[in-house]
Amino acid sequence: MRPAPNALLLNIMLLAGVAGLSCASLMWGETRVMFAHAVADLLAGRHGAGAVIVGQLRLPRTLLAIMVGGTLGLSGAVLQGYLRNPLADPGILGVSGGAALGAVSVFYTGLMQVSIAALPLGGLTGALCAVVVLMGLVGRGGTLVLLLAGAALSSFAAALTALVLNLVPSPYASFEIMHWLMGSLTDRTFAHVWICLPGVACGTLLMLSAGRALDALTLGEDVAESLGFRLHGAWGIQTRIVLGAAVAVGSCVAVSGAIGFVGLVVPHLLRPLVGYQPSRLLVPSFLGGSMLLLLADMVVRAVTVGPELQLGVLTALVGAPVFLARVIMLKRTVP
Amino acid sequence: MTLLQACDVSLRRGDRAVVAAASLTLVRGRVIGLIGPNGAGKSTFMRMLAGLQPPDRGHIALLGHDMGRISPTLRARQLAFVPQQGEPPPPMPVRALVALGRLPHGQVNAQAARHPAVARALAATGLLDLCARPASHLSGGERARMNLARALATDTPVMLADEPIAALDPAHALSMMRLFRQQAGQGKGIVVVLHDLVLATRFCDELVLMDNGAVIRHGPATQVLDDDIMRTVYGVTVRRVDGAVLPWALCR
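Going down the list, the sequences are from chains U and R. Residue numbers 1 to 335, in my numbering, belong to the letters of the first sequence in order. Residue numbers 1 to 252, in my numbering, belong to the letters of the second sequence in order.
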């Protein structure tokens, strides 16, 4: 038997990558700061310019890149494993659409003038409403019901978002909404981190708890159930996966907007490195997603010519060709 | 000792009775062949026996415990199930997929792959040479043997297999049926859905014949497969060679 791919080594390498890119993300920016001084100021509780830039601008942005990228990568891996569909991505649940609708409604009603937290809280409310509707629709239904319910929810949320865009009175507000929908981590604060964190933490734990069941599901639902996994029902695997992915992704979209391709591409790139075993793909996908978004966010900050490049646009620009290359490689290996 | 007992279990889908008051008793050391024409309800009955489909009526007991109340993990440690058509497997190595059979015992990854039950299952199904190959590269028959090996690796007293030899060549089909007999010889109880009546007659201690959802006859092959039954249930005439029943011609 060929030696099993060393998942531990891969995780250590990815973790080191996340740590390295996090440091780079804290150092990187339009304004040059003495990083060591800024960190010393931060640790000493002094409020120098460098400490403010690193601690209040770059640190929340870095933490959000880790959480949002990680969540998208992990939920992509979990959903692809659960649905046995390599095209599944976090948007398939329709919760991203719900979060976007919630945030867009905040723009429309002008509530975002009230507080900086109004926009992400609106997104979170939209995401949680979508989760409740999704869970109600899916019930004890199987994967087909889940896919159809997600598609219906996603279409409905997109239609309502388009309606809001249609009705919005000012072109400036319309531009703001379009800009937000493209996804970004610019100007995010610790308020955004705290809004995002509970959903990401709970959702991640729920998704990670399904790892062994995902392995069993590689041979079909009947085999997984015969191996002792309860797939359906109140605390079945489907509930854990759908609830976990929906809550985590909804929380992320609420603070960052829709960022595509991370959840689709990252699991695809890492799958061969873990021997195609779904449970071994989960942690690497979280770390890989974090790395990808940290890197993309630094590139966005580095591009200073013209209007600011949105993060979601960059991930799509990079993700689509990477995905195409993966498809071509797959075509060559399939007998 | 009774390992698995189904008493008058029924299941309706809409107006149609998919399984109608079917009963079966599996004792240690026996191989039961579940036979019948396409659409007779065999696979649904097997899913009910495996605890995957609760009956509308009737009662199923696994080692004396009510199937509806037994925990899924405990059930998985007592009963292994090979479904009729598995999904196309991922490109994971064969050994890793066979080792999934150790999941009910809480063993995963390398610990599971090194378990002696996995090596025994690979050897018994003739997959030792293929154990490093990606499962997606296996032929249909090799996949069927891998699914059986996964069930054997769990090492349960009861094994249910739904058409496990449908994709196998004659040598491997014979080998699998002999394997079932060996497993029964070690004290296990096995229910196997078969369409090959020759192998069913040769290797099963008892046949259970289903038609239109009901068990219409059960017992030794010689009693179950008489000419009238073959004509009315299968619509064929038969010839008998050394006690084996050979479907010979259509009589409808």
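It should be emphasised that the hints constitute simulated quantities derived from the structure, not laboratory data. On a predicted model such as this, the values are computed, not experimentally measured, just so you know. Where a beta carbon is used, it is the ideal one built from N, C-alpha and C, also for glycine. Check before you lean on any hint, since a few could be wrong.
Claimed, not checked - Cβ pair distances, simulated, as ranges:
1. R/ALA244 <-> U/ILE328: 24 to 34 angstroms
2. U/GLY110 <-> R/ARG69: 54 to 64 angstroms
3. R/ALA167 <-> U/PRO86: 17 to 27 angstroms
4. R/GLY219 <-> U/ALA152: 49 to 59 angstroms
5. U/SER209 <-> R/GLY14: 29 to 39 angstroms
6. U/ASN11 <-> R/HIS137: 46 to 56 angstroms
7. U/ALA152 <-> R/SER139: 31 to 41 angstroms
8. R/ARG13 <-> U/LEU148: 19 to 29 angstroms
9. R/GLY219 <-> U/LEU9: 33 to 43 angstroms
10. U/GLY136 <-> R/GLY219: 44 to 54 angstroms
11. U/GLY136 <-> R/THR237: 52 to 62 angstroms
12. U/LEU9 <-> R/ALA123: 25 to 35 angstroms
13. R/LEU246 <-> U/PHE323: 54 to 64 angstroms
14. U/LEU111 <-> R/GLY68: 36 to 46 angstroms
Hints versus structure:
At roughly 53 angstroms, the beta carbons of R/ALA244 and U/ILE328 sit outside the given window of 24 to 34 angstroms. Between U/GLY110 and R/ARG69 the beta carbons are some 57 angstroms apart, a value that agrees with the proposed interval 54 to 64 angstroms. Take R/ALA167 and U/PRO86: their Cβ atoms lie about 25 angstroms apart, and the range 17 to 27 angstroms holds. For the hinted restraint 49 to 59 angstroms between R/GLY219 and U/ALA152, the CB-CB distance of approximately 52 angstroms keeps it satisfied.
For U/SER209 and R/GLY14, the Cβ-Cβ distance of about 37 angstroms falls inside the hinted range of 29 to 39 angstroms, so the restraint holds. As the Cβ distance of U/ASN11 to R/HIS137 is approximately 28 angstroms, the hint placing it in 46 to 56 angstroms is violated. Distance hint check for U/ALA152 and R/SER139: the Cβ-Cβ separation is about 40 angstroms, which falls inside the suggested range of 31 to 41 angstroms. The beta-carbon spacing between R/ARG13 and U/LEU148, approximately 21 angstroms, falls within the hinted interval of 19 to 29 angstroms.
At roughly 59 angstroms, the beta-carbon separation of R/GLY219 and U/LEU9 lies outside the given 33 to 43 angstroms, and the hint is violated. Distance hint for U/GLY136 and R/GLY219: a CB-CB separation of about 50 angstroms, consistent with the stated range 44 to 54 angstroms. A C-beta distance of roughly 57 angstroms is found between U/GLY136 and R/THR237, which places it inside the suggested range of 52 to 62 angstroms. The hinted window of 25 to 35 angstroms between U/LEU9 and R/ALA123 holds, with their beta carbons roughly 31 angstroms apart.
At about 55 angstroms, the CB distance of R/LEU246 to U/PHE323 agrees with the hint of 54 to 64 angstroms. Between U/LEU111 and R/GLY68 the C-beta distance comes to about 51 angstroms, which lies outside the given range of 36 to 46 angstroms.
Checked against the numbered hints listed earlier, the structure breaks hints 1, 6, 9 and 14; every other hint is satisfied.
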